[in-house]
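Colleague: Here's the letter readout for the chains.
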Amino acid sequence: MSTKEQREHIELLQGTLDLLILRTLLLGPTHGHAIAKAIEFRSEDVLQVEQGSLYPALHRLIKRGWIAVQDGTSENNRRAKFYRLTARGRRQLEVETSKWDKLAGAIARILRPAETES
Amino acid sequence: MSRRKRMMDDIDQDIRDFIERETRDNIERGMPPEEAHYAALRRFGNVTRIKEETWEMWSLVWLEQLCQDVRYGLRQFRRNPGFTAVAVLTLALGIGANTAVFSLFYTVMLHKLSVARPEELVEFLYKYPGQPRSDGPWKWGEYENIRDHNHVFSALTGTGFDNLARVRIDGAEPETLILESVLGNYFEVLGLKPSIGRLTTPQDVPASGDAGVVVVSWDYWNRWFHCDPAILGKRILVNGNPETIVGVAPRPYTGPRVGNRTDVWEPYQKDAVRMLARLKPGVTRRQAEAEINVLYQSWVDQNNPGHESTRLRQKRVELEPAGAGLARVRDLYGKSLVLLLAVVGFLLLLACFNMAGMLLARSAARQRELAVRVGLGASRGRLVCQMLTESVLLSGAGTLLGVLLAYFGTGVLVHIMASTQAHQHVEIQAKPDLNLLLFTVGIALVTGLLFGVAPAWYAVRSSPGPMMRRTGTAGDTWFWHWFGRGLVAAQVALSVFLVTGTAVFLNHLSRMRNFDLGFRSDHVLLVTIDPSDTGYKPEKLAVVYQQLLARLKTIPGVRSASISGCTPIEGCGSGSRFLIAEGHVEAPEQRQRPAISFVSPEYFETLGIPLLAGHDFSLRDVGRPRVAIISNAVARHFFPGVNPIGRHITVVYDPQPSPFGDAQPYEIIGLAGDVKPWELHDSPYPTIYFNMFQENHLDDEFDLRTSTDPAAMAGTVRRVMGDFLKSVPVTRVKTLSEQVDSDIVPERLVATLSEFFGVLGAALAGIGLYGLLAYNVARRTNEIGVRMALGATTGDISRLVLGDAAGMLCAGFVVGACLVFWGRPLAASLVLDLKPVSAGPLASAGIAIAAVALLTSFVPARRATRVDPMVALRCE
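Note that the protein sequences, when read in sequence, are chains A and B.
Terminal number for the first sequence in the working numbering: 118, no gaps in between.
Terminal number for the second sequence in the working numbering: 876, no gaps in between.
Isolated chain B, as found in the complex (with noise of 0.2 Å):
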């Protein structure tokens, strides 16, 4: 560029040097000054014209040229509304979608945490072979030893477990907040700067548990203060302890996982750390790995004497690169968002084909043109440009309306993803970034031109001379002619395919919602409360809740209610306690151990969870023998065949090994049905229940079953519980369904988009269709009128468009069902416990599309049968 412009700032001079010197010449020659100054200029010649000439060797001829094309491909469009409209609507749906897909694809699996060189990071996970990986925790003497021993990081820090707290600032309402407790290095290791004040170090955490001091969030700063440095040194509560603010992180910062926001950074030291640690220049992951799986061997050795080792050792150590944060919200999501790039990679292929259909028609259309252009002298190469031009104006446009569209898309899908669980609780910024934007040009100009190359290619073929004299009516080859079908059978084929897939997928969803939970989810309403300020206490606070129980059974709708810590999908951990039962010989490494729940009388009726023998408990029971309900795998494993009731069963706290110690056994008096404490994919978690009551472990989560609408009601519990216990707060209430659908947000994700992606692959192979038998019929114009004059009736006009749909149609349909079984390893792949497909969604796509289809040929062959034959001869 520089040089170009140095060229042309050189010529000018080199000119005048040149006429001077001729000038100087013709007056040696003897002629006066003026006329040698004439002379050497009309010997020289137009200098303008010739610095002109000179100056186009340096210029951009191409550039103008596509100005020009770029002009006239605006005027086309002007002349051609309707076209430009659904062309550009079509091609902002698919580029839209793909845009949205990838945003969140992008943020979730590749973005970059902001901190220093996020690609040294490493996130320490642990797998014991045939089961899912995990993240921790860790022990603290697994840290030491790491920490001290490894030779492969240049540091290694920790963080907590999710928390959520309740933070509070004086004069205002608690709210509830991501909390990470983080170990004394975690900021120096991240290499963060602190937005104001200081980050924790290691001195900020004491021997013994509450450094008293926490870090917040620019945006905590932002939304409490302002962003006013007096924000340094206030207090605030957290979960009720006053703790002293002294710095706030860095603005771009909110913590290792992606789309958890975290507001609060604590400082500790304890057992229960998820290790992150930043690699040594020069190691490789695998290297480290290796190191560390030794290290871990050894300490194992060296800690865990007799049968606890046994299991440890078969723990390998796996390490994740963590600068796009840690995996855990991949591993949640990612392929999921895989399935979907890959639909919506195949909704903006249809949306090619649809568009290479329609510019297919319009450049049959405008053959004539073209061959005028042609014959006056236009390169093919110009002709190719110009179509090329068009269509990436096209898409170009889309594109445009797209991104609009894909922001809004993004919003929705977002919000199905937030709501999952509190503790996976995901928010996604999907912020402008310059990848983002590259991939979205990309695809952009990848379609234009993948559209365009038909048409273009067709343009090139048009040859002058007989063009010029037909009016246009039977110009194609006969390739052309089933390019153009082969073009709507493939979008047929396309949409049969993507239509398929929404069926399997809705399909899913539905079997994973009416799952054989153990548990009924319809119809209920969960309610927590937080007894924790009100200073009752344990003893007085049961009377509390009995009478709160009895009451809410008085509201109209309500058929039971009860009171559990728990709920099947929230979680109900697994303990640290096992199992003996008498009669129950086990090695110890076997021992399982089992969700432990204490639960109110009605509990089962509540949820629907079946007692298949022996009976509830009952508020009698307090003050006597101690009693226990466990469940279906519970009793499999204890007692394989024979009846439990009237067994006994102790509960022992490991590693304490004393069995039948001092732990009093517990009478069983019910065998319930399994159900899913955690997830939906997991098995069967064994589960022993515990009268609450007779416990006295009081929990605070209140479950009512209705027969309404249980949202509706949510209301008037609140008010009636607010009455009873006034100083109470309720904390949250939700209905049982929600919770079920907050842990199958992948499958929800993946239906919902894959329907109304579905939705769109059959509304453009509708409008394909649609524009290539109109565009048909409006070429065959003269054959049906002179077949018409000949005695065809309208029935086999009509036939002979809709046979012409069909075909298309059928071709479509087979080379569809081919796509499907070729699809569906990878679905299988990427969708957790998918149902092998059935000929169910199949058929039912085939039917849909067949709708669609029939419903698009109807206007074009009714269009047929008005052919006039009079006119159409006419025109000829």
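The following block holds chain A by itself, in its conformation from the complex (with noise of 0.2 Å):
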């Protein structure tokens, strides 16, 4: 079981949530149930979202341009909402990844100077 810390950090950094919904919607387009199974299963169950939270997140993706909805078919031949990338939302992924990478890289540095280092 996460801590709740780690819930509410997750929510509190803007555009994490966004990026994640990105680089899930990478490998396919799919429904809102399997972006938050996904997101939990590849960070091993360490970043669990809330998951009522994706909706307010998926919809500002949306208004922005960066994903797409539409109707389709699920594994079990039900109608459901798929969410998928489209090309502005695939450059913002490479923008926003190579963002959190400086950011990432930058904080490691400071907490781990000696690591870093060796």
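Among the clues, some could well be false.
Stated by the list, open to error - Which chain B residues face chain A? A few, computed with CB under 8 Å, are given here:
| id | residue |
| --- | --- |
| 1 | R21 |
| 2 | T48 |
| 3 | P118 |
| 4 | E119 |
| 5 | N222 |
| 6 | W224 |
As the list claims (entries may be wrong) - Computed list of lysine-lysine pairs in DSS-like fashion (alpha-carbon distance at most 27 Å, straight line):
| id | chain 1 | residue 1 | chain 2 | residue 2 |
| --- | --- | --- | --- | --- |
| 7 | B | K234 | B | K193 |
| 8 | B | K553 | B | K726 |
| 9 | A | K37 | B | K51 |
| 10 | B | K315 | B | K270 |
| 11 | B | K280 | B | K270 |
| 12 | A | K63 | B | K270 |
None of these hints come from the bench; they were simulated from the model.
As the structure is a prediction and not an experimental result, all values here were calculated from the model.
All C-beta atoms, glycine included, are put in the ideal place defined by N, C-alpha and C.
These two chains come separately, so use the hints to put the complex back together.
Modeller: Written out as structure tokens, the structure is:
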């Protein structure tokens, strides 16, 4: 069970959830539940998305034109909303990823100066 | 919008889906179904809140904020009813004036005729070098030539001149209506469809004159027949001729002239055509003009041998867009309306300055409130929005009231415009129209933003820290201090400009009225009668008229009486005749065509036209050698430097070439001063007068010079004439000064309105000055208190306040004077014969504004002297 702090952490870091959604959709269009599951699974359950917060994030991305929504049929033959990455979203993902790498690197250097030096 | 709605509908479904999947997962993990569902819901979080959050993504936050700002603004206004009332009234006057003038401008200048494809229509005008352009008439041959040989028009038609016709329906009084004579293809070319019955076609026009059928307007149909289809086939008397009504024109079509409502259309085919054409698609007006001029020149060469062609060859044809109606009304009022638009534009600018000043003072007073809001985390952007919302709200309220004012204002304008001569009668109906509405809304928005910018900017700059501590007394930087003054100075400048304009235009009007007209327009009553239906023989009528003149002169208050065909300014036309004088030789193309006027004895005395030499006609001239009186212009032309009295002059009918042929010479017995026959702007027109009793050429306009107000005598004169000539109707009674006024409608329009706007401008500047001074006094209460405590006298204090006012006044006056000099050429280009601006109007404007300023600064100055030092100091 992840701690409460971790969950808040995700919500507080603006744009982090957006980045994860974009990255998840890079693998192909899928529905909301699958996105939440994928994020949890791929982070080895460290990141527990408050599932509801997924929706404002999804719609923010739709509004910005980075992802699109369409009707589709799921694996067990049910109608569902499928979210997919747009071309603009793909570009945005690259930008966000490199930004994140820089940020993470910089924070890591500050937190563990000895490790980076050695 | 639809995307937003679809998205919001989808959220529900998607969330339900999500929870279902999670529930299934939980069941797979071994939970009992019920528990699995609740676990899924817990995991998801607060469904309603999440829906709302997602929903917000798509909602219009700014709209809600706007509503908030509007509510807050309204609350502010309710709390300051005095301020709000002044502000709304100021704006209403500014915006109302603009709307009224623009609606007139729009109707006269821009509004399209309700015909098919109005943008294709052009009107034929012609122009001789150095003369104003004219719209005709064209000869039938000219019309046929262009109709048959042009390649640029898809259709060509024509209409006759403005005719007033006496129209009578059985069993009713005759009324005078506008009759338009039109060519057979007129309605077809304009693409009009009848309301009922049919419109006239080329088959209606017989080769020989009278067609016997007419089309009437929808308005006429409604007025007399209440839209009863039984109108078809009814007979009406038009100028005494029976005509059959065959159809009713479409309701929106009231003739091709803006402001002239045609009621009867009659097909005709003869000389004197005003040509209207439809351009072929793709042909420009310039191209068409080029072709038509070539065509016209070749026609002149073929058909006009000799001297006529020299003159005709100089004639240039111009094509004028006619989609908004024929050009004449536009030519007549266009410049005045542009001038008025400029004037009301300045007035609105003045109102904006005024409002900006008031709002600025108010936001200075609200500085603490603003600072608190910034302190509590309001963004600067929100504050600006708030301030702009308030100013737009004010301008919106001002617009609503302004539109109401404009409605009445337009009535006044139309009333002035309606007092023209009958043949130029203009009736404007300003109807609600989308374009007008857009203009008004646009003006409201622009005004609101314009005067809202400064206070909004001011609000942005208020920083929370220092303001919270201070009591709001001296928080202004020098910039805002001078900015406020600058606004007042700008108002003074604009009002100086407007009031100077008023003085100039009023001067101009009175100059036009007292122009050297060549006659005295005061104290003359004109009465026209119509003896045509009564069957008097001319010889008998002459005797009756002479008796009537004698009777009229016995009315107390009548000093002299005479009869004439027409009176000055009414348009005593030039005929197709010219004069030949003994001992004067000239080339045929230089011959003058004088106005010919048949008058009774005492005409010159009655109208106050001076007889410069010789003597007047008399009743004894009848049966004796023919006599004439010539105007000074004729004398100058034929007898330069010679006394014309006793000389002989002959009238020759053109094109009859025989000089001294059968026409009998007249002996010149008098020389009269020049008068303006048509318009005040005209140069004196050569005129020759004959004795109507000698020539047995009776006319029906009785002219009476009175010793009291002529309008007041109208009733008595009417009664006397009615008793004397029982069966002869009096058709028109008016005074000569009304007739003169009817020719200077544009001048009167400009003068009357700018008078109103000038007063308004001065009042606004006064309000602005008062507002700023009062605000400053309130703000400086402490300072004044300290000064008084330190021994300043009340004189010192009022000097302090008045000196402040005087500074702004002087600065404003200097700028205003510069504006006046800058605007001088503009005004001169828009007003005919405007006298160069002298210092007089500017000085009088300065004095007027100074008086207003003094009056308005008196109250704040007095209040300043009443400051109680103890109270003022205790506040700090």
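Colleague: None of the hints should be skipped; say for each whether it holds.
Modeller: Cross-check of the supplied hints:
For B:R21, the interface hint holds, the least distance from its beta-carbon to any beta-carbon of chain A being 4 Å, beneath 8 Å. The restraint placing B:T48 at the interface with chain A is violated, with a minimum CB-CB distance near 10 Å, outside the 8 Å limit. Violation of the interface hint for B:P118 is found here, the shortest Cβ-Cβ separation to chain A being roughly 45 Å, above the 8 Å cut-off. The criterion of a C-beta within 8 Å of any C-beta in chain A is not met by B:E119, whose closest approach is roughly 42 Å, and the hint is violated.
A hinted interface residue such as B:N222 counts as satisfied when its beta carbon comes closer than 8 Å to some beta carbon of chain A; here the least separation is about 57 Å, so the hint is violated. Proximity of B:W224 to chain A is violated relative to the hint, the smallest CB-CB distance being about 65 Å (cut-off 8 Å). Of the pairs offered as hints, the one joining B:K234 and B:K193 holds, with about 20 Å between alpha carbons and a cut-off of 27 Å not exceeded. Our distance criterion of 27 Å between C-alpha atoms is met by B:K553 and B:K726, whose separation comes to about 19 Å.
For the hint pairing A:K37 with B:K51, the CA-to-CA distance comes to about 20 Å; that is within 27 Å, so the pair holds. As the CA atoms of B:K315 and B:K270 are separated by approximately 22 Å, the hinted pair is consistent with the 27 Å bound. Taken as a hint, the B:K280 and B:K270 pair is honoured in the structure, with Cα atoms around 26 Å apart against an allowance of 27 Å. With a C-alpha separation of about 72 Å, the suggested pairing of A:K63 with B:K270 is violated against the 27 Å cut-off.
Consistency with the previously given hints fails for numbers 2, 3, 4, 5, 6 and 12, ordered from lowest to highest.
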